[in-house]
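Undergrad: Here the protein sequences come in this chain order: A and B.
For the record, in the first sequence the residue sitting at position 146 is 146 according to full-length UniProt numbering, with numbers rising by one throughout.
For the record, in the second sequence the residue sitting at position 240 is 240 according to full-length UniProt numbering, with numbers rising by one throughout.
To be clear, the hints were calculated from the coordinates, so they are not data collected in a lab.
Quantities reported herein were computed from a predicted structural model and do not represent experimental measurements.
Any given hint could turn out to be false.
Copies of the same chain look alike in the list, so a pair counts if it works inside one copy or between any two.
Here are the simulated EDC-like pairs of lysine to aspartate or glutamate, each with C-alpha atoms no more than 20 Å apart in a straight line [what the hints assert, rightly or not]:
(1) LYS118 <-> ASP232
(2) LYS140 <-> ASP62
(3) LYS58 <-> GLU239
(4) LYS118 <-> GLU221
(5) LYS118 <-> ASP192
(6) LYS118 <-> GLU133
(7) LYS118 <-> GLU280
(8) LYS58 <-> GLU133
(9) LYS58 <-> ASP157
(10) LYS22 <-> ASP236
(11) LYS22 <-> GLU245
(12) LYS22 <-> ASP104
(13) LYS140 <-> GLU83
(14) LYS118 <-> GLU54
The primary structure of each chain is shown beneath.
Number of protein chains: 2
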Amino acid sequence: MSPSTGGTADLSRFSINQMTVKQLSLPELVDGCLELGIPGVGLWRAPVQEYGVEATAKLLRDAGLAVTTLCRGGFFTAIGPAERAEALADNRRAIDEAATLGTDTLVLVSGGLPAGSKDLRGARERIADALTELGPYAEKNGVRLAIEPLHPMYASDRCVVSTLTQALDLAERFPAHQVGVAVDTYHIWWDDNAPAQIARAGAEGRIHTFQLADWTTPLPEGVLNGRGQIGDGSIDMREWRGYVEAAGYTGPIEVELFNDTLWARDGRELLAETAARFVEHAA
Amino acid sequence: MSPSTGGTADLSRFSINQMTVKQLSLPELVDGCLELGIPGVGLWRAPVQEYGVEATAKLLRDAGLAVTTLCRGGFFTAIGPAERAEALADNRRAIDEAATLGTDTLVLVSGGLPAGSKDLRGARERIADALTELGPYAEKNGVRLAIEPLHPMYASDRCVVSTLTQALDLAERFPAHQVGVAVDTYHIWWDDNAPAQIARAGAEGRIHTFQLADWTTPLPEGVLNGRGQIGDGSIDMREWRGYVEAAGYTGPIEVELFNDTLWARDGRELLAETAARFVEHAA
């Protein structure tokens, strides 16, 4: 593997989330990180399972790359007992995978409303039920669960937890080393309560990951794959980095983009651009 | 004009927002309302200007229909003095039009971030500056201004006021008969603070209009024209009607949809369906 080629000081906190450059295979991603001096990666379960969990762990370990998070567990809002049991079993597997990969953080996306339901409050409560079972299992495996509030535009179909306040209200029922939150600029940048909630999360030791994506419009159909490259949108990255650091966070900063336009480009070039944008706008 | 054909009791609080059935001309809309027993309409400036403001006022008055709101003023977030002066002048014209139409409520959509700006806080403050000038002018003309918080997915490009809390924090700097809020289910249904903020708005006499639209997914590209027909989505309309009524609101309930699929249908049929859905889900 080639040694780092400079810029490592500015990239010392940077982690590239695998989804940002999903056109790269895991070996290509590792090579790119080594070449650019990127010290960490956030991984996703599906491509890791495809490559093999043990094989991925070895690949990353041999390269000296940190695994900053695994995405993602969650989807706890089903009502039926069979579906709920299956969700819990799948989340235990996700915790096992996180432990094998050597990351201490599993990101949770809570799930949307069950078909036909209009009961956001009930769905949020079922998340707490699931965490009661999963928190101790995660702790036993050295993994922390990070509830990720998603933007309110996902409330019905992906994640009934829409704000940091709601995420922390759930998390605080559990010890911080079991359950914390994911702070992602894309989801919270509009929320004038978020800075105070970041301070609350920091004071409780619950900022388990910090992720960046920029807000660009127009949003694409389905609003999933429009997360903007850092610097292209409306979010002041240094302002939000300032909030999490004032709250005591010293961990990795992941850039996690889902963007059809970026995915259509050369993956290595996109990786280099993303690292450069991190340095320009957030380092 | 034909007399009402039943259902008027259940429709006594109903108002159809003109945008919902924008494929209908103003005379067609009036005929449809009379036929169905719909007592009120919410109007939009562009089609009213096209028909003529005085002519519209006469048409509605002769038909005995109430004008429940005029949409919309606002767009107060520009930074340049010339743009700001033009926005104020245009809002004075909107207030004049509201007075001519005989409605007491002008809905305001505040505007998004100026090009290149990332300063949500500054943009929100410029709204207050504009209201300081417009509030007294509105009062003199017998018109109340209703700040409408739009869903956070519009924060960058349409409306930096994303929650009822923010809207009320702005409104409370002014007398309630000058400035209040628009409560629209589509924009606030995900927000667990909204019920308490509706109570706050009611206690202050600031619920100036109550509008319904349902939340359906997937959202269309640009996320503008995907407001769902009442009953098709995730929002419990009776729950939200309960909140505004518990807060003392006894005024009209407008259904305001923007939806390309609905606009492609026959306007009279859509009007009848919307009235029926109101009765089924919200009356």
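Undergrad: It remains to establish, for every hint, whether it holds in the given structure.
TA: These are the hints, each one checked on the structure:
1. Only between protomers do LYS118 and ASP232 lie at most 20 Å apart by alpha-carbon distance; the minimum there is 11 Å, versus 35 Å within a single protomer.
2. Proximity of LYS140 and ASP62 under a CA criterion of 20 Å is satisfied in neither setting, with 26 Å inside one chain copy and 75 Å between copies.
3. Proximity of LYS58 and GLU239 under a CA criterion of 20 Å is satisfied in neither setting, with 37 Å inside one chain copy and 53 Å between copies.
4. Proximity of LYS118 and GLU221 under a CA criterion of 20 Å is satisfied in neither setting, with 23 Å inside one chain copy and 24 Å between copies.
5. In this assembly of identical chains, the alpha carbons of LYS118 and ASP192 lie at most 20 Å apart only when taken from different copies (13 Å versus 26 Å within one copy).
6. For the homomeric pair LYS118 and GLU133, neither the shortest alpha-carbon distance inside one copy (25 Å) nor that between copies (41 Å) is at most 20 Å.
7. Taking the shortest Cα distances, LYS118 and GLU280 sit within 20 Å of each other only across copies (16 Å), while inside one copy they are farther apart (43 Å).
8. In the homo-oligomer, the alpha carbons of LYS58 and GLU133 never lie at most 20 Å apart, since the shortest distance is 30 Å inside one protomer and 66 Å across protomers.
9. In this homomeric assembly, LYS58 and ASP157 never come within 20 Å of each other (Cα to Cα): the closest approach is 36 Å inside a single copy and 45 Å across copies.
10. Taking the shortest Cα distances, LYS22 and ASP236 never come within 20 Å of each other, neither inside one copy (25 Å) nor across copies (39 Å).
11. Taking the shortest alpha-carbon separations for LYS22 and GLU245, neither the intra-copy value of 29 Å nor the inter-copy value of 50 Å comes in at or below 20 Å.
12. Proximity of LYS22 and ASP104 under a CA criterion of 20 Å is satisfied in neither setting, with 22 Å inside one chain copy and 54 Å between copies.
13. Taking the shortest alpha-carbon separations for LYS140 and GLU83, neither the intra-copy value of 24 Å nor the inter-copy value of 60 Å comes in at or below 20 Å.
14. With identical chains, the CA atoms of LYS118 and GLU54 are never at most 20 Å apart, being 41 Å at best within one copy and 43 Å at best between copies.
This entry does not satisfy hints 2, 3, 4, 6, 8, 9, 10, 11, 12, 13, 14, going by the numbered hints stated previously.
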